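Given chain A, put chain B with the ligands in place with the hints provided.
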Amino acid sequence: MPTLSHLQQLEAESIHIIREVVAECAHPVLLYSIGKDSSVLLRLAQKALHPAPIPFPLLHIDTGYKFKEMIEFRDRYTAELGVKLIVHTNTKAHAEGANPFAWGTQRCCGALKTTALLDGLREGGFDAAIGGARRDEERSRAKERVFSFRDARGQWDPRNQRPELWSLYNSRIHAGESLRVFPLSNWTELDIWHYIHAENIPIVPLYFAKRRPMLVRGDSLLPVEQPFVPRLPGEEPQYVRCRMRSLGCSPCTGAIRSDADTVPRIIEELITFRRSERQNRVIDHDQDGSMELKKQEGYF
Amino acid sequence: MSAATVLNAAEPVEAFLEQEKEKGLLRFTTAGSVDDGKSTLIGRLLYDSRSVYEDQLESVTKASVGRNAGAIDFSLLTDGLRAEREQGITIDVAYRYFATPRRKFIIADTPGHEQYTRNMVTGASTADLAIILVDARKGLLPQSRRHAYISSLLGLSQLVIAVNKMDLVDYDSRVFHAIEQDFRHFLGRFHSIDSYFVPISALRGDNVVTRSSNMRWFAGPSLLEYLETVPVGNRARTASFRFPVQRVVRPDQEFRGYAGTVVSGAVSKGEEVIVLPSGRQTRIVGIHTFDGDLETAQAGQAITLTLEEEIDISRGDMLALPDDLPHVADSIKATLVWLSEKPANLGGRYRLKHTTRQQWASIRRIDHRININTLDHESADALAMNEIGVVDIESARALMFDSYSTNRATGSFILIDEATNATVAAGLIAGAVSFESAAFDYPADVAWQMDAGKLILSLGGGADALGNPREPQTIHDPETLKALDSLLRRLGIAWKPNRKD
Ligand SMILES: Nc1nc2c(ncn2[C@@H]2O[C@H](COP(=O)(O)OP(=O)(O)OP(=O)(O)O)[C@@H](O)[C@H]2O)c(=O)[nH]1
Ligand SMILES: [Mg+2]
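In the order they appear, the protein sequences are chains A and B.
In terms of my numbering, the first sequence opens at residue 717 and continues consecutively.
In terms of my numbering, the second sequence opens at residue 7 and continues consecutively.
For reference, chain A alone in the conformation it holds in the complex (with noise of 0.2 Å):
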């Protein structure tokens, strides 16, 4: 028998880490994001329950600033595949005017994602939330264990992680407290774009190169989606050939100018990339250590 290639050990695991939360949880619910991890989650989490279909909600965290095409395309997959989903968003700071220029970036990630997600949780009642993030996106995510333990008000202490050996995690928590768990901890990004492939995974359009409207600014590209994104004076969109690295609101995330409009040449274009990912995340790179602050607080 021809041993596991890298992928199916990681199938493998994730599936693994997948049915452990359901077999040891109470509430267990899945953050989707609607990005490449989200759907890649996803499909571990159907494999995971096969034949069952998927037993826990969908919740996805709405800021009002996602991209069109992001909603059309959760809206139409998660329908597709029959699980439930749980949409929310933190509709009190959305009417006092949060919005990333207005509030500034912390600010308004604090209140749109933070506080919506710890509040969509607490209303759900949702002791364990499966989350996509990856230890290869960030120096702080590469700290994270893969149960990893909430306080009752939904913070992370980093210095003081639970142990985690072999497979065996411990998913035991008080009443009040939560588990965030990641079963992609060990994938990398190629090894995201290289499942898909493999496995015919949809994903965002907004992935694959096309002609879209930007402010071009130098290297950056903007999307103008929103109309208080500023424009400086007598600016004026112009259409480039680009795509998206990674998926977040579009007032915040810079689109690169590509060709790659298909996973083969995305893959391609990946592995000669000299910069990561979240380089185009504005909101990464506000202050020093500026994730793993979020991620104290609750963020995801």
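Keep in mind the hints are simulated off the structure, nothing from the lab.
You can take every hint at face value.
In silico negatives: residues of chain B with every beta carbon more than 10 Å from chain A: (1) HIS119; (2) TRP366; (3) HIS374.
Over the 10 Å line for every Cβ pair with chain A, so calculated as not near, a few chain B residues: (4) LEU147; (5) SER179; (6) ARG217; (7) SER218; (8) ASP329; (9) ILE372; (10) ILE376; (11) ASN377.
Distance windows between CB atoms, simulated: (12) A:ARG869 / B:ASP178: 52 to 58 Å; (13) B:ALA404 / A:ILE787: 51 to 57 Å; (14) A:GLU796 / B:GLY276: 35 to 41 Å; (15) A:ASP873 / B:ARG56: 32 to 38 Å; (16) B:LEU174 / A:GLN954: 52 to 58 Å; (17) B:PRO349 / A:GLY892: 26 to 32 Å.
Please read these numbers as outputs of a predicted model, since none were measured by experiment.
Quick reminder that beta carbons are idealized off the backbone N, C-alpha and C, glycines included.
Just chain B with the ligands, lined up with the frame of chain A:
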């Protein structure tokens, strides 16, 4: 991923992906004393193998200004927490990923500080190989010994001893050879583990990726060359078939399957299996996955099995082949690495998680503590944080296990504190508690007798006809002892084993 894996423009991506699929995977961990240069080494490996993106490099180059670590402080690439960067030490394990055209690597960069030994154990538990760093100026330190011992204990098959900071001792071969001799002497004292010694400078890159021109006296491969080519056996593949049931899957009346991962060995459709602990025998009728049914499943695969007979099976049960069963016992002897500030508590209750089974357990006896420096056995009645000891553990229900040295997956467990839910110990099973050399006094209010091979127990029978308590009687026959012990415990009768060994 490796940003360096540049694709030949003419080569179709499919070919590249095929090659990707063929690559083996090596998981390794770093170890050694504080400031020996572990994080610097990992940063250097990532950098020299061109696995660091430019923006990540720019952010650490900016941060390195004003630190005395050369132009780039490579440790900043893996020390991902603010507290770590502020103090210049690693506090918790970081996992990093990189690939060369030959192999994919998952690295656990672990802390050297003694206070964080538990995080080193975490990193080592999933590794195939450990790189132990030794500061050339300091030689073998207690922490280097401790980590070498823990690596061997945790069943790593390979050790690389990297003598680092050779730049600070003028690349002197005598320094390297003296440390090598010292270390080999120490390694000779415990069970054999393959080792490779290499002199390096993590900071300057000597012998890390390419061979150093500063140490022409050293003929061996560079560290990365070694990591790319060292054979890693997959012991789980050749071990006995073990399938801990993870979940019972019942989507409808028609289907009743058992989901889980084959943790070792292989199994085929049609094979007879034994379900433990019930001991019932049945046959595998199907091996199911989302991608279709399989004829055979091997170690590492996550599958769902259907069986011929309707047997009562639940999470935590184990399937094995009839002629190749694991041990079944509720009293085990195990090595514990204690991970909590709250010391190990004799008689205290813990949640024990072993394979997919969670249950109550208690530490019945601390056989001895292992002195990490001398490897001597010391008597102890408690285990403090980071201490290692051999104990007897008694669990509420039977455990189906193999010794850790024959099977990592079925020989390992963790203990969880009842009150805090913290993971307090890593356990490595040696075997069932054996009664052969022990003698027990039975409790005075229990009388027993053997009748035609059956053990008959009368409670409250510890007094004679006049009501005088009987003298405790000593039992020497091991089989009787074993039966009596398990019977008394099942009845919840406390009794003290009184060993003669
Ligand atoms: N001269 C010299 N300095 C080195 C070398 N390797 C590491 N250092 C320095 O040694 C110090 C400690 O390095 P780290 O990589 O943080 O050590 P560590 O082993 O990861 O430390 P902990 O994780 O806290 O146990 C830093 O100042 C490094 O720049 C080397 O080869 N030569
Ligand atoms: Mg370090």
